[in-house]
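Trainee: All chains should be built: construct the whole structure from the sequences, respecting the hints.
Residue numbers (my numbering), protein chains in the order written: chain Z, 1 to 307; chain R, 308 to 593.
Simulated from the structure, these hints should not be mistaken for laboratory data. Backbone N, C-alpha and C define an ideal beta-carbon position, used for all residues, glycine too. Heads up, a few of these hints could be off.
Distance windows between CB atoms, simulated [claimed, not checked]:
#, chain 1, residue 1, chain 2, residue 2, range
1, Z, 266, R, 506, 53 to 63 Å
2, Z, 155, R, 368, 42 to 52 Å
3, Z, 37, R, 507, 33 to 43 Å
4, R, 507, Z, 158, 45 to 55 Å
5, R, 507, Z, 193, 41 to 51 Å
Simulated pairs of lysine-lysine, DSS-like, Cα-Cα distance not exceeding 30 Å [as the list claims (entries may be wrong)]:
#, chain 1, residue 1, chain 2, residue 2
6, Z, 238, Z, 285
7, Z, 2, R, 539
8, Z, 256, R, 581
9, R, 534, Z, 2
10, Z, 246, Z, 289
11, R, 581, Z, 254
12, R, 581, Z, 246
13, Z, 256, Z, 238
14, Z, 158, Z, 238
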Amino acid sequence: MKISEMEREEYVLPGNTSCHGCPSTVALRTVLKALEGNAVLVIPACCTSVYMGPFPNSAINVPVFNTAFASAAATASGIKASLEWQGKDTEVVVWAGDGGTYDIGLQALSGAAERGDDILFICYNNEMYSNTGIQRSGATPYGAWTTTTWKGKREHKKDVSELMLAHGIPYVATASVGYLRDLYEKVKRARKIRGFRYLEILAPCPPGWRFPMDKTIQMGKLAVESGMWILFESIEGKLRFTGVSKSIAEGRRKMKDLEEYLLSQGRFSHLTEEEIGEIRRYVIKKWEKLARLVEGEIDAAVAKFYV
Amino acid sequence: MLISVRFHGRGGQGAVTASKLLAEVANSMGYYSQSMPFFGAERRGAPVISFTRISDEPIYEMSQVYHPNIVVVLDPLIMKVVDVFAGVKEGGTIVANTTKTPDEFVFSQRYLNIIAVDATGIAIKNDLLVAGLPVVNTPMLGALLRAQIPLEIEVLEGIVGKKFGEEGEKNVKAIREAYDLATVKLVRGSGKRKYPRKKKIKVEFPISTPSEGVAGKTKLWRDFRPKIDYEKCNNCLNCWLHCPESAIRLNEHVEIDYDYCKGCLVCTTVCPKKAITFEREVFADV
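Mentor: What follows is the structure in structure tokens.
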């Protein structure tokens with residue numbers, strides 16, 4: 001998809017209250033462009049519900065329903081049922097942060113996925129509760145500093161995209177703010193599929209991750225290039241790697257060193273060699289696991305992935 | 308026709324079962340009906356409320372019954388704790404399990420039909436005991452059918468007989484007995500019913516309208532001012548795609564909206580031609 005062929009209408013209006021270099025606005029812009037504005041957003045408590053501005057104005061140019069943290073997917077199910085009854089083919093999109101997906105919103109998400117409600121659940125994952133001032137979440141990776149993990153988190157993150165694969169829903173994909181065209185195409189593909197669809201976007205947050213505000217896109221790219229974030233797409237149970245992750249998996253491209261990604265962020269700057277080794281082991285394990293799920297197409301040998 | 312019934316009782320007396328049975332009787336006679344209990348902290352002896360609605364049209368009301376036509380009081384002493392007359396419509400019916408006569412009831416409506424029956428006595432007589440407590444729900448239903456309600460006692464007897472198995476026969480007997488023994492009387496009340504004046508509250512659903520600049524002109528957030536060198540620019544639109552602020556406009560070529568640009572400089576890093584540079588922002592007018 002060429003950039004010039006993309007939807008030109010703006011759905012996230014300028015002058016909102018997001019931080020400098022916010023990954024959420026840029027991802028939401030792209031998602032709404034891909035949906036051509038034919039969407040109802042359901043937003044649980046997260047940065048988006050703040051930067052869209054106070055009543056009586058809204059910085060988002062589509063209908064938005066602000067709902068409680070735990071109930072985003074359930075609310076979307078209800079809105080979709082109503083729209084279906086009215087005969088409208090409008091996409092109901094849940095736009096939740098990782099708190100509203102990994103932690104507090106998990107039961108509603110799992111319930112809606114199990115019921116197979118026709119909604120698109122998008123998690124923009126910045127791996128922490130940024131809105132409330134950087135606390136750890138279930139998505140925070142091992143070793144990362146937050147205000148509630150001063151010396152680095154001692155646990156690995158859980159992986160909700162794999163959990164959604166296990167739900168057997170028709171569409172699961174991951175994307176990164178670093179690759180907006182890839183994101184645009186994934187939303188377009190998801191739009192054509194009926195049923196519960198889950199899309200997770202890595203959103204590098206400059207204030208939370210402690211890196212310069214102009215590096216948002218670079219950080220999103222670096223996360224994929226270093227293998228820390230894996231781009232994949234599963235349509236009707238058929239899993240495949242996409243974009244740079246595909247090149248890495250097929251051996252056409254070498255992974256960048258993990259340290260380059262980790263040490264460019266303030267939240268990882270305290271890591272010791274051992275801790276970096278622990279993250280490296282986790283990343284390799286994840287690649288192996290996913291490669292096994294992508295049957296036949298690629299060789300799951302570990303050595304091929306790493307420099 | 309919409310008949311709404313409220314049951315007052317204590318946990319264990321069968322108020323919830325009674326309301327369900329009544330709905331079932333109505334349903335099997337071709338009416339629409341619904342039944343719902345009001346749950347508090349469930350325990351034996353606690354005041355319990357349950358509701359039934361009966362109609363010849365589909366019922367869309369799903370709330371509690373606030374203005375019942377009929378109130379069934381399963382426990383003689385509950386009137387001291389709960390105002391069982393609250394909200395009862397004029398000319399409505401109170402079915403009370405009591406040893407008193409209908410004339411002894413005091414209420415603020417002008418007229419109410421009082422059906423008095425000693426259901427506890429009937430229950431004891433017919434050995435309707437659960438854990439030593441007389442269960443009065445079925446005889447109370449028998450007495451209820453003396454009210455102006457288009458349900459037939461034979462149908463109730465049939466359903467109860469089938470439902471309760473071995474206990475069915477005793478219950479059917481108690482129902483018939485209560486139906487026969489109940490005294491019905493139109494009683495005059497004080498008529499000093501107070502109607503609280505309704506306050507008019509204007510409710511507006513809070514809907515926001517999309518608009519630019521919900522945080523004002525965000526140019527004031529800017530420390531650095533990006534600048535496009537149009538000689539180098541090949542209009543690849545990368546800066547437009549990646550702008551987090553939607554502050555790059557598409558006209559003939561890309562243009563930065565300096566009213567809203569926050570100066571995050573993402574555009575300078577994504578430009579493949581390095582056509583966007585930046586400088587310190589100095590506002591002349593601020």
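Trainee: Holds or violated: the 45 to 55 Å window for the beta-carbon distance between residue 507 of chain R and residue 158 of chain Z?
Mentor: 52 Å, holds
Trainee: Regarding the pair residue 256 of chain Z and residue 238 of chain Z, is the alpha-carbon distance no greater than 30 Å?
Mentor: 27 Å, holds
Trainee: Run the distance test for residue 2 of chain Z versus residue 539 of chain R: straight-line Cα separation, threshold 30 Å.
Mentor: It holds: about 20 Å lies between the C-alpha atoms, which stays within 30 Å.
Trainee: Below or equal to 30 Å on CA atoms is what counts here, so check residue 581 of chain R against residue 254 of chain Z.
Mentor: 26 Å, holds
Trainee: Can the restraint linking residue 534 of chain R and residue 2 of chain Z be considered satisfied, given a maximum Cα separation of 30 Å?
Mentor: 24 Å, holds
Trainee: Could you see if the CB distance from residue 37 of chain Z to residue 507 of chain R stays within 33 to 43 Å?
Mentor: Roughly 39 Å apart at Cβ, these two residues keep to the hinted range, so it holds.
Trainee: Assuming the hint says 42 to 52 Å, is it satisfied by the Cβ distance from residue 155 of chain Z to residue 368 of chain R or not?
Mentor: 51 Å, holds
Trainee: Take the C-beta atom of residue 507 of chain R and the C-beta atom of residue 193 of chain Z, compute their distance, and say whether it sits inside 41 to 51 Å.
Mentor: Given range 41 to 51 Å: holds, Cβ gap about 49 Å.
Trainee: With the threshold set at 30 Å, check whether the alpha-carbon distance from residue 256 of chain Z to residue 581 of chain R stays at or below it.
Mentor: 24 Å, holds
Trainee: Please check whether residue 266 of chain Z and residue 506 of chain R have a Cβ separation lying inside 53 to 63 Å.
Mentor: Cβ of residue 266 of chain Z to Cβ of residue 506 of chain R: about 56 Å, so the range 53 to 63 Å holds.
Trainee: Measure nothing beyond the straight line between the CA atoms of residue 581 of chain R and residue 246 of chain Z; if it is 30 Å or shorter, mark the hint as holding.
Mentor: Roughly 28 Å between the alpha carbons, so the hint for residue 581 of chain R and residue 246 of chain Z holds.
Trainee: Is it true that the CA of residue 246 of chain Z sits at most 30 Å from the CA of residue 289 of chain Z?
Mentor: Roughly 15 Å separates the two Cα atoms, so the pair holds.
Hint compliance for this structure: no hint is broken.
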